[in-house]
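Asker: In order, the protein sequence lines correspond to chains A and B.
Read left to right, the first sequence gives residues 1 to 329 (this note's numbering).
Read left to right, the second sequence gives residues 330 to 658 (this note's numbering).
What the hints contain is simulated information worked out from the structure, not anything from laboratory work.
Since the model is a prediction, treat every value here as computed from it, not as a measurement.
Note that CB positions come from ideal geometry on N, CA and C, so glycine has one too.
Certain hints may be false.
Stated by the list, open to error - Just so you have them, the derived chain A footprint on chain B, three or more residues with Cβ under 8 angstroms:
#1 360-370
#2 373-386
#3 412-421
#4 448-462
#5 471-477
Protein chains: 2
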Amino acid sequence: MPAPAEKTLADLTEGEVLAQIFPRLPHADTELLGPGDDAAVLSAADGRFVVTCDMMVQGPDFRLAWSTPHNLGWKAAATNLSDVAAMGARPTALVVAIAAPPSTPISVILGIADGLRDGCAALAPGCGVVGGDLSASDALTLSITAFGDLEGRPPVLRSGASVGDVVAHAGRLGDAGIGLGLLFRHGVDSDGVPSSVHADALKAQQRQFVDAQLAPEPPIHLGPVAALAGATAMLDVSDGLAIDAGRLARASRVGVNFDSAALGARPELALGGGEDHGLLATFPPDAALPAGFRRLGEVTDQAGVVLVDGRPHTQGGWDPYLGWDGAVG
Amino acid sequence: MPAPAEKTLADLTEGEVLAQIFPRLPHADTELLGPGDDAAVLSAADGRFVVTCDMMVQGPDFRLAWSTPHNLGWKAAATNLSDVAAMGARPTALVVAIAAPPSTPISVILGIADGLRDGCAALAPGCGVVGGDLSASDALTLSITAFGDLEGRPPVLRSGASVGDVVAHAGRLGDAGIGLGLLFRHGVDSDGVPSSVHADALKAQQRQFVDAQLAPEPPIHLGPVAALAGATAMLDVSDGLAIDAGRLARASRVGVNFDSAALGARPELALGGGEDHGLLATFPPDAALPAGFRRLGEVTDQAGVVLVDGRPHTQGGWDPYLGWDGAVG
Chain A
1 MPAPAEKTLA DLTEGEVLAQ IFPRLPHADT ELLGPGDDAA VLSAADGRFV VTCDMMVQGP
61 DFRLAWSTPH NLGWKAAATN LSDVAAMGAR PTALVVAIAA PPSTPISVIL GIADGLRDGC
121 AALAPGCGVV GGDLSASDAL TLSITAFGDL EGRPPVLRSG ASVGDVVAHA GRLGDAGIGL
181 GLLFRHGVDS DGVPSSVHAD ALKAQQRQFV DAQLAPEPPI HLGPVAALAG ATAMLDVSDG
241 LAIDAGRLAR ASRVGVNFDS AALGARPELA LGGGEDHGLL ATFPPDAALP AGFRRLGEVT
301 DQAGVVLVDG RPHTQGGWDP YLGWDGAVG
Chain B
330 MPAPAEKTLA DLTEGEVLAQ IFPRLPHADT ELLGPGDDAA VLSAADGRFV VTCDMMVQGP
390 DFRLAWSTPH NLGWKAAATN LSDVAAMGAR PTALVVAIAA PPSTPISVIL GIADGLRDGC
450 AALAPGCGVV GGDLSASDAL TLSITAFGDL EGRPPVLRSG ASVGDVVAHA GRLGDAGIGL
510 GLLFRHGVDS DGVPSSVHAD ALKAQQRQFV DAQLAPEPPI HLGPVAALAG ATAMLDVSDG
570 LAIDAGRLAR ASRVGVNFDS AALGARPELA LGGGEDHGLL ATFPPDAALP AGFRRLGEVT
630 DQAGVVLVDG RPHTQGGWDP YLGWDGAVG
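Just chain A, same shape as in the assembly:
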């Protein structure tokens, strides 16, 4: 809770809020003109740029009882950087639009800015925030657009896998999903309402899984590494390994067969858990896998089919409308 004297967004002009935010934001190496004019200008020496966007909304995407403002900024950076990396590109910059209730303490907005700064510094050094927008809304909402540099390489698409390719993965598998499950079970009070007290107790006991959900550390730097190593297809595992493998399989008109022995002690959790934001990639059979990637299986000729040990795998997944219980915690 804010200290009684802390200012909220309603107490400050937009200019006053921005004056506090700007100094905390990370600088982008590609920034030619930063915040303060009608638009920013970024260099794109490659002659092309990669762009992706993702929105996080209080309720469906996060609960303030569980995520700190720093977590929100970090995760917003991480999930967008990961989409850039999955093209084989190096992340260069973000623009950030935030909508927040007027009653929001200024410390929440500054915490988000700090999380963006620390997430960029840890996961993609040289990537910075070059612009943004601040609006009012009943629901705290972060909308990030991220940019990347292909550094002269072709983008690594989902559609390039060939039969016989090795299927490999970098990053964690299932931990973020386990963390979310723990939060829904133990991060709530006796009425089932998300509770910061209960979540803090859980974090003390299960930090690995809760952090994987609230402040993921995807292997952003391995996106360009995979591209240089000859990755034929790649994508960011946001909705779960099985679902995202199915996307790669359909786009490439091939199949994927996972070796359950490579999926850890609990293959179902590795296959089903979303939001780890690791990189799923395919490599030619004779390619040396870059350090950080593990072989999980191979590409088959059964177009669009995901197998585990040669048997069909089916399971549900995350959908922004089907998955929302309507609660804003």
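With chain A held as given, fit chain B onto it using these hints.
Answerer: Chain B in isolation, oriented as in the chain A frame:
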């Protein structure tokens, strides 16, 4: 209101919604890789690109009783294109994140897509939508990031005006503000609640002003034209001529003196009304003003001061937190 049988977002998967949206979106001439992978890839032959973002939230930024979905898409495009144009750049592409309640009829989302398409086609041909995101939220929210091509020119900043420059403007002045005032006075029922019935009656009588507010047509093509004509400073008039002239004056460390005779029959409305999204620019004293620009005054040596006929001008303006009454119409 939707027909009883119309599907809502809750009835469809994200993939099904996107499959209906994608064919309606305008294609960008600079698109090398469009929606469907982790990110899009755009060409930037200039070696730089311009980027800006703006978020529109139901309640503070629009009322569904007044704006059609087509209006929302159109205005979201227009306001972002205008920020790109104000740098002297040609708009090339947009990415669009939309958050909407699960109960939203699919026709609302498709109407927004059509408005984006028609706004781009009318205001910036060749500019298209290259990616996006769809989320759930209690408040309908549009977050747009727009890109532009400087075509080899330096960006036209707010900070380049010199004493003696001509102050000129392209676009409408005050009409959008008059339209908003009319909507607040006459677009509401007897309890003061925004009403589509009352707004429709108002539109039939005062279409010019209401359209200027709900579906503005800023002179996007004149951004690059002004740059080529030697504009020394430029910005998009979003918060009102006086406020935005003050921004230009402070950034350039000069003053602006408007000639009230150039401001039309109601100078106070021209100076105070926001959201017209015209272009305010300064040109060297000897430059020929490009067609579409009108002389409004001159640049003076009183740093940061906005004058009208040589007398100080002061007035309040729009702030996203101060200006919101909290109602979601």
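Asker: Are the hints correct? Go through all of them and say.
Answerer: Hints and how they fare:
no., hint, in the structure
1, 360-370, "holds (count 8)"
2, 373-386, "holds (count 14)"
3, 412-421, "holds (count 5)"
4, 448-462, "holds (count 4)"
5, 471-477, "holds (count 5)"
Checked against the numbered hints given earlier, the structure satisfies every one of them.
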